[in-house]
Amino acid sequence: MSPELGDLEELYQEVILDHSRRPRNFGELADAAVRVHGDNPACGDEIHLAVKFNGDGGLQEIKFTGHGCAISQASASLMTTKLKGKSRDEVEEMLRAFHDLVTSGNNDSPKKLGDLLVMRGVRKFPQRVKCAMLPWRAVEQALRQSEGESTVSTEEPEFA
Amino acid sequence: MHKVAMSRVDWSALREDFPILRERVNGHPLIYFDNAASSQKPSAVLNVVRSYYEHENANVHRGLHALSARATEHYEKSRHRVADFIGATSADEIVFTRGTTESINLVAQAWGGRFLHAGDVILLTEMEHHSNLVPWQLLSERIGAQLRFVPVHDDGTLALEKLSSLLTPEVKMFAFTHVSNSLGTINPVVDLCQKARGVGAVTLVDAAQSIGHMPLNVQELGCDFLAFSGHKMCAPTGIGVLYARSEILKSIPPWHGGGEMITSVTLEKSSFKQPPHRFEAGTPNIAGAIGLAAAIDYIEGIGRAQIFQHDVDFATYALKRMAEVPGLRVLGTAQERGGVISFVMDAAHPHDLTTFADRYGLALRGGHHCNQPLMRRFGVTGTSRASFYFYNTREEIDRTIDILQKAVGFFK
Numbered sequence: 037m038s039p040e041l042g043d044l045e046e047l048y049q050e051v052i053l054d055h056s057r058r059p060r061n062f063g064e065l066a067d068a069a070v071r072v073h074g075d076n077p078a079c080g081d082e083i084h085l086a087v088k089f090n091g092d093g094g095l096q097e098i099k100f101t102g103h104g105c106a107i108s109q110a111s112a113s114l115m116t117t118k119l120k121g122k123s124r125d126e127v128e129e130m131l132r133a134f135h136d137l138v139t140s141g142n143n144d145s146p147k148k149l150g151d152l153l154v155m156r157g158v159r160k161f162p163q164r165v166k167c168a169m170l171p172w173r174a175v176e177q178a179l180r181q182s183e184g185e186s187t188v189s190t191e192e193p194e195f196a
Numbered sequence: 166m167h168k169v170a171m172s173r174v175d176w177s178a179l180r181e182d183f184p185i186l187r188e189r190v191n192g193h194p195l196i197y198f199d200n201a202a203s204s205q206k207p208s209a210v211l212n213v214v215r216s217y218y219e220h221e222n223a224n225v226h227r228g229l230h231a232l233s234a235r236a237t238e239h240y241e242k243s244r245h246r247v248a249d250f251i252g253a254t255s256a257d258e259i260v261f262t263r264g265t266t267e268s269i270n271l272v273a274q275a276w277g278g279r280f281l282h283a284g285d286v287i288l289l290t291e292m293e294h295h296s297n298l299v300p301w302q303l304l305s306e307r308i309g310a311q312l313r314f315v316p317v318h319d320d321g322t323l324a325l326e327k328l329s330s331l332l333t334p335e336v337k338m339f340a341f342t343h344v345s346n347s348l349g350t351i352n353p354v355v356d357l358c359q360k361a362r363g364v365g366a367v368t369l370v371d372a373a374q375s376i377g378h379m380p381l382n383v384q385e386l387g388c389d390f391l392a393f394s395g396h397k398m399c400a401p402t403g404i405g406v407l408y409a410r411s412e413i414l415k416s417i418p419p420w421h422g423g424g425e426m427i428t429s430v431t432l433e434k435s436s437f438k439q440p441p442h443r444f445e446a447g448t449p450n451i452a453g454a455i456g457l458a459a460a461i462d463y464i465e466g467i468g469r470a471q472i473f474q475h476d477v478d479f480a481t482y483a484l485k486r487m488a489e490v491p492g493l494r495v496l497g498t499a500q501e502r503g504g505v506i507s508f509v510m511d512a513a514h515p516h517d518l519t520t521f522a523d524r525y526g527l528a529l530r531g532g533h534h535c536n537q538p539l540m541r542r543f544g545v546t547g548t549s550r551a552s553f554y555f556y557n558t559r560e561e562i563d564r565t566i567d568i569l570q571k572a573v574g575f576f577k
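If you read the sequences in order, they're chains D and P. The first sequence begins at 37 in the working numbering and counts up one residue at a time. The second sequence begins at 166 in the working numbering and counts up one residue at a time.
Some hints here could point you the wrong way.
[What the hints assert, rightly or not] Capping the alpha-carbon separation at 30 angstroms, the derived lysine-lysine pairs in DSS-like fashion look like this:
hint : chain 1 : residue 1 : chain 2 : residue 2
1    : D       : K166      : P       : K571
2    : P       : K571      : D       : K160
3    : D       : K118      : P       : K577
4    : D       : K160      : P       : K438
5    : P       : K438      : D       : K166
[As the list claims (entries may be wrong)] Beta-carbon label-pair distances, calculated as ranges:
hint : chain 1 : residue 1 : chain 2 : residue 2 : range
6    : P       : P194      : D       : E183      : 51 to 59 angstroms
7    : D       : T101      : P       : P316      : 24 to 32 angstroms
8    : D       : F62       : P       : G284      : 28 to 36 angstroms
9    : D       : T139      : P       : V190      : 19 to 27 angstroms
To be clear, the hints were calculated from the coordinates, so they are not data collected in a lab. These figures come from a predicted structure and were not determined experimentally. Virtual Cβ for every residue (Gly too), placed ideally from N, Cα, C.
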């Protein structure tokens, strides 16, 4: 990562554009234990996350479908690649580290984040943090429930 | 102040009246193409607002001192200015509100709450801004009225051939936008109002996108209500107008209660002023109303017919140039259109494009534009939108095309 990169080039690195065009782990997961629909009402972006847990509650399988901007799609793709096979504690730690990365650019555990470090450019675009965090909000919700289906939103809960 | 002759306008000289147009954004000269969201303000308006606070500021309609008298006089003079501007028969037909949204909520809740009943139909269109949809949803849920919608054709025009089957005697209100904030389509308001009258329906025109962009006269339109905001026509934010035909306005019960709208109050009950003051509870946006009158002076100094011609010429040129960008598709291709263009690009999602454009100083809007049902109708979740005003230049369009071409290369 060259320091001469402009903000735009740092945000839309080739790896990110590649993941947005050819998302990994994209598709249905027939026997998912949990399905979470992540929704960004501000722009209409959607991530549908499907998760299967192993015996210890870790993420055995994780896939997604949906549509949205390059940042939300690439973030989901990179996230699923990273989280597959991780324990519950590892996922939670990663979630915190990723949030710090895209909001402040700081991170105490760069090694842990590995490939996710390419998302660092988001910190200079505060309006795009929600795009990057959308799939992570969905996985956070998935950990809270051991089965079933739910919806999370980047906005405050709705009054219906 | 008026640098322009009525026939020929020196558009580039007008740019000098807008201090903000000298801003640089991310190292580039600002290209402000988000005028459908809010327009910029000329010095003439800024100075009047400042002068009001420096020489006249006090509350209206309640003090016996000199400043209160000045403020009241200027505030009420502004009401007359608005009435003249839109062709109202009297200033009493002009209610100052916070904007289009509040104006429509006033009609839905105060007029609708009194005169609409279960089983009545409220006719809207598929292209309404959320501000002319959600207030009617809230009302219909409360009283059991039905909502009905005029569909939109692929070209962004209303399906007028379906109007006769939709506009039945059960329709008590037909509320529609003059100009679509997403597609730029100009609707045939005169015809729509006339047909609504034919079945005894009351009409409300959302003029948010038309008021500062074209000649507009409520007598010619034939509408019962007209709602608009100041901030899209060079005035400050937080001031708007509800016009209502006097006969209708007088029949509407109070909406917000408080000071300024009453004649006498006991602990048990109150009696209320005549319109428009009945609908202006509390201290109004005095500076905003005065700023709105200054904006009207400014716009009439240029000429609304001239501004409209500029919009049309500008949109025509922009559409021609945008056709050069590979993978760019414009939504809404109506013949009758204003200076609003919504588009999608194969290369980039609207949010990615907006972020990209912003780095080059180009202010576009990306998203659903408070038009989610319309976006669904066109099978997209959002678009990029470029919307123009008279201070925009062709050179800005040319630079925009360069930026869009760059985006195609960047995201390919």
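(request) State the violated hints by number, sorted upward, taking the hints as numbered earlier in the document. (result) 4, 5 and 8
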